[in-house]
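> Residues per chain, in single letters:
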Amino acid sequence: MTLDPTRRHFSPEIEAMPRAEIDALREEKLLGDLVPWSYERSGLIRETWDAAGVKPSDIQSMDDYHEKAPFIDKDAIRSYRDRHGDPYGGLLCLDPADPSMKGIFSAIFSTSGTTGDPTPAPYAGRGPSMLVREFWELGARPGDHFLHCLFTFRGPGIHDTIRGIGATPVFVDHQPGDVEQLFRFSRELRPTGWYTLSGPLIMMIEEAASRLGVDLDDVCSSYKGVIFAGEPLGPRARQRVEEWGLELFIQTSLGDVGAATECQEHDGCHMWEDCAYIECLDPEGTKPVAASERGELVSTTLVDKIAPLLRYRSDDLVRVSREECRCGRTHGRVWPLGRKGDELVVDGVSVLPGDVWGAVESIDETNGLFQLIRPAREVDTLRLRVGYSSEGRGGLPALRGRVEDAVEEAVGVRPEIDLVERDILLRQGPPHKIPRVTKA
Amino acid sequence: MTFAREFEAPPEVWGVGRVVVGHEIVPWPVSEADVVDETDIVEQHYRALGLGDDDLVLVVALLSQAIHAVPLEAGAGRVGALYSSADATRFDAFRTASLIRQLEAKVVIGVDAEIVTGLDDLARDLADVFGSVAAVVAADEVAYARLSDAALPTGRYLRLGPTSAVAVPGDDALTYDASRWQVEEEDGALVLTNLVERYTPCDRFPTGIRGGVPEPGRILLSP
Numbered sequence: 001m002t003l004d005p006t007r008r009h010f011s012p013e014i015e016a017m018p019r020a021e022i023d024a025l026r027e028e029k030l031l032g033d034l035v036p037w038s039y040e041r042s043g044l045i046r047e048t049w050d051a052a053g054v055k056p057s058d059i060q061s062m063d064d065y066h067e068k069a070p071f072i073d074k075d076a077i078r079s080y081r082d083r084h085g086d087p088y089g090g091l092l093c094l095d096p097a098d099p100s101m102k103g104i105f106s107a108i109f110s111t112s113g114t115t116g117d118p119t120p121a122p123y124a125g126r127g128p129s130m131l132v133r134e135f136w137e138l139g140a141r142p143g144d145h146f147l148h149c150l151f152t153f154r155g156p157g158i159h160d161t162i163r164g165i166g167a168t169p170v171f172v173d174h175q176p177g178d179v180e181q182l183f184r185f186s187r188e189l190r191p192t193g194w195y196t197l198s199g200p201l202i203m204m205i206e207e208a209a210s211r212l213g214v215d216l217d218d219v220c221s222s223y224k225g226v227i228f229a230g231e232p233l234g235p236r237a238r239q240r241v242e243e244w245g246l247e248l249f250i251q252t253s254l255g256d257v258g259a260a261t262e263c264q265e266h267d268g269c270h271m272w273e274d275c276a277y278i279e280c281l282d283p284e285g286t287k288p289v290a291a292s293e294r295g296e297l298v299s300t301t302l303v304d305k306i307a308p309l310l311r312y313r314s315d316d317l318v319r320v321s322r323e324e325c326r327c328g329r330t331h332g333r334v335w336p337l338g339r340k341g342d343e344l345v346v347d348g349v350s351v352l353p354g355d356v357w358g359a360v361e362s363i364d365e366t367n368g369l370f371q372l373i374r375p376a377r378e379v380d381t382l383r384l385r386v387g388y389s390s391e392g393r394g395g396l397p398a399l400r401g402r403v404e405d406a407v408e409e410a411v412g413v414r415p416e417i418d419l420v421e422r423d424i425l426l427r428q429g430p431p432h433k434i435p436r437v438t439k440a
Numbered sequence: 001m002t003f004a005r006e007f008e009a010p011p012e013v014w015g016v017g018r019v020v021v022g023h024e025i026v027p028w029p030v031s032e033a034d035v036v037d038e039t040d041i042v043e044q045h046y047r048a049l050g051l052g053d054d055d056l057v058l059v060v061a062l063l064s065q066a067i068h069a070v071p072l073e074a075g076a077g078r079v080g081a082l083y084s085s086a087d088a089t090r091f092d093a094f095r096t097a098s099l100i101r102q103l104e105a106k107v108v109i110g111v112d113a114e115i116v117t118g119l120d121d122l123a124r125d126l127a128d129v130f131g132s133v134a135a136v137v138a139a140d141e142v143a144y145a146r147l148s149d150a151a152l153p154t155g156r157y158l159r160l161g162p163t164s165a166v167a168v169p170g171d172d173a174l175t176y177d178a179s180r181w182q183v184e185e186e187d188g189a190l191v192l193t194n195l196v197e198r199y200t201p202c203d204r205f206p207t208g209i210r211g212g213v214p215e216p217g218r219i220l221l222s223p
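Residue numbers (our numbering), protein chains in the order written: chain B, 1 to 440; chain D, 1 to 223.
These aren't lab readings, by the way, just hints derived from the structure by calculation. Incorrect hints may have been included.
SDA-like, lysine to any residue: derived pairs with alpha carbons at most 25 Å apart [stated by the list, open to error]:
1. B:LYS439 - D:ASP54
2. B:LYS102 - D:ASP54
3. B:LYS102 - D:ALA48
4. B:LYS102 - D:ALA33
Some chain D residues well away from chain B (every beta-carbon gap over 12 Å; in silico) [said to hold, decoys possible]:
5. ALA105
6. ASP121
7. SER148
8. SER222
Just so it is clear, CB atoms sit at the ideal spot from N, CA and C, and this is done for glycine as well.
Excised from the complex, chain B in its bound form (with noise of 0.2 Å):
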């Protein structure tokens, strides 16, 4: 079936469902399969709900999910993990040994392993996702190339998705040893869309444009829309971008069952509510917290059989909207705010990594590369981790003093600030962000 090019939703049935219908197809797809689905075969989903003494019978309404279904989060999947010897944290609902299995199990791919070892993610056949919706919402069309600029690890489902548009794919690496043919292919074959930009490739980008003497108005003129995922982009990271010309739809993980990115109108990430059904609870109890308030991220998907997550505790601090966006689609929108394990106390002050960002970011020669140390929640001293590039005029002294007069401005808090040179910091992530915070 051809698609009409012109259309503004790629599944305007679904971009644009009511949003009674949405709710019941919710309902729908988890009391009636997921849930007994995921008691039935997942040794973690069993356990949990034993131990709280819940079956799938109990759940007979969404109140009843909120009210009973307990929560898991990753060091429940981790402890299974180490408990049973079972590498996909008894999430795992297929046998892949099972003949009726092969060619639907095919693949496990990893989280990205910033913070430890990268935990195994069982990945069923193969084809286009959901992202098909947020590549169309770019720009891209049929007969466009594509860039597709990420890893290898997180499997085949970007290309299979950029050709689900009718695109071509073009293959590129998330490094910086590939930026010269990012440049080179961008103006030979001129894609329409960009899958993925990320701080430090935009790091990447201006620097070997400036070593190579390359135009990146010129580099970035055929593009429609990039994604930019990994971790917060910071605002004179985005100014940077768009004075390229580069218009960013920015996507957030959706508490490990999916991903949320930003329409046309870039306020607030959309979530699938077909695909993951999304609670926006007090980051301390179990309430959920008022519209558009503060709270941490609960997912449960609506989708995944192979190792669904049910009632995932993400550890991320968002605000939800369920109201209708501007660009018509009826799906509710996120906000991310941060980690709700990454908050700092210091002397009575709540201080968040994004609340620096902007403040180091300021600072042309550290690149926004920084890192919160916070040996506990609570602490006495805000310390900083800076990386930089170059030392300024006046040296590191100088350098540093400037740091803890801009952090000091965001947060009313006088920094301590160790600086590192920038690649040191690099170094400690995957290609696409590294770790915010860290324990010293």
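Chain B is fixed; fit chain D onto it per the hints.
Just chain D, lined up with the frame of chain B:
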């Protein structure tokens, strides 16, 4: 209702990858049929390496190598195995080590100098990391030498233009599919011609690889 009931007919070009000839990068568009054809070839490689039902192969590659890496991934299913992936970068070497341990990989293919250096950075002993693997298939000579020196069952994987060749541990010669590709020696280097239809044709394409063809289907690399 699924997330997207209607799809555009797939584009004629499956993807634009690349072929590396010496230091030159040649953009290389391939069709879906090309990828399927290369997956057939990889299936033969995997069977020769002993990969089979319920096994797992770890594919170590870069996204830019997709026209080679995707057949390595898809080929696993052809022999009833699963696959997992790690980037062939110094930084991501920790993933190779972690996934071998967690997933009990039987075959690891694509290990190169970046991975070996990354494991050195982590002070990881190659014999420890790969000791449980039945076949470790190196993608360059640096990795081949280091893995062999560690007394590991080491094979070779070669990106030969847009196709591939594999030597199983203990065999110096690399095998390619002579029914689909003609490989010839020209001035001590290998040139490649496609015998079945390809989106981007090769007519005595210079691969930049030094070696000879002792018999159709087998390559010996020059030192």
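> All the hints need checking, so say for each whether the structure fits it.
Do the hints match the structure? See the list:
1. Among the hinted pairs, LYS439 of chain B with ASP54 of chain D is inconsistent with the structure: their alpha-carbon atoms are about 40 Å apart, more than 25 Å.
2. For the suggested pair LYS102 of chain B and ASP54 of chain D, the alpha carbons sit about 9 Å apart, so the restraint of at most 25 Å is met.
3. Simply put, LYS102 of chain B and ALA48 of chain D have alpha-carbon atoms about 21 Å apart, close enough for the 25 Å limit, and the pair holds.
4. Among the hinted pairs, LYS102 of chain B with ALA33 of chain D is consistent with the structure: their alpha-carbon atoms are about 22 Å apart, no more than 25 Å.
5. With a least beta-carbon separation of about 10 Å from chain B, ALA105 of chain D fails to lie farther than 12 Å from that chain, contradicting its non-interface assignment.
6. With a cut of 12 Å on Cβ distances, ASP121 of chain D falls inside the contact zone with chain B, its closest approach being about 9 Å.
7. With a cut of 12 Å on Cβ distances, SER148 of chain D stays outside the contact zone with chain B, its closest approach being about 25 Å.
8. Non-interface call for SER222 of chain D relative to chain B: holds, since the shortest CB-CB distance, roughly 27 Å, exceeds 12 Å.
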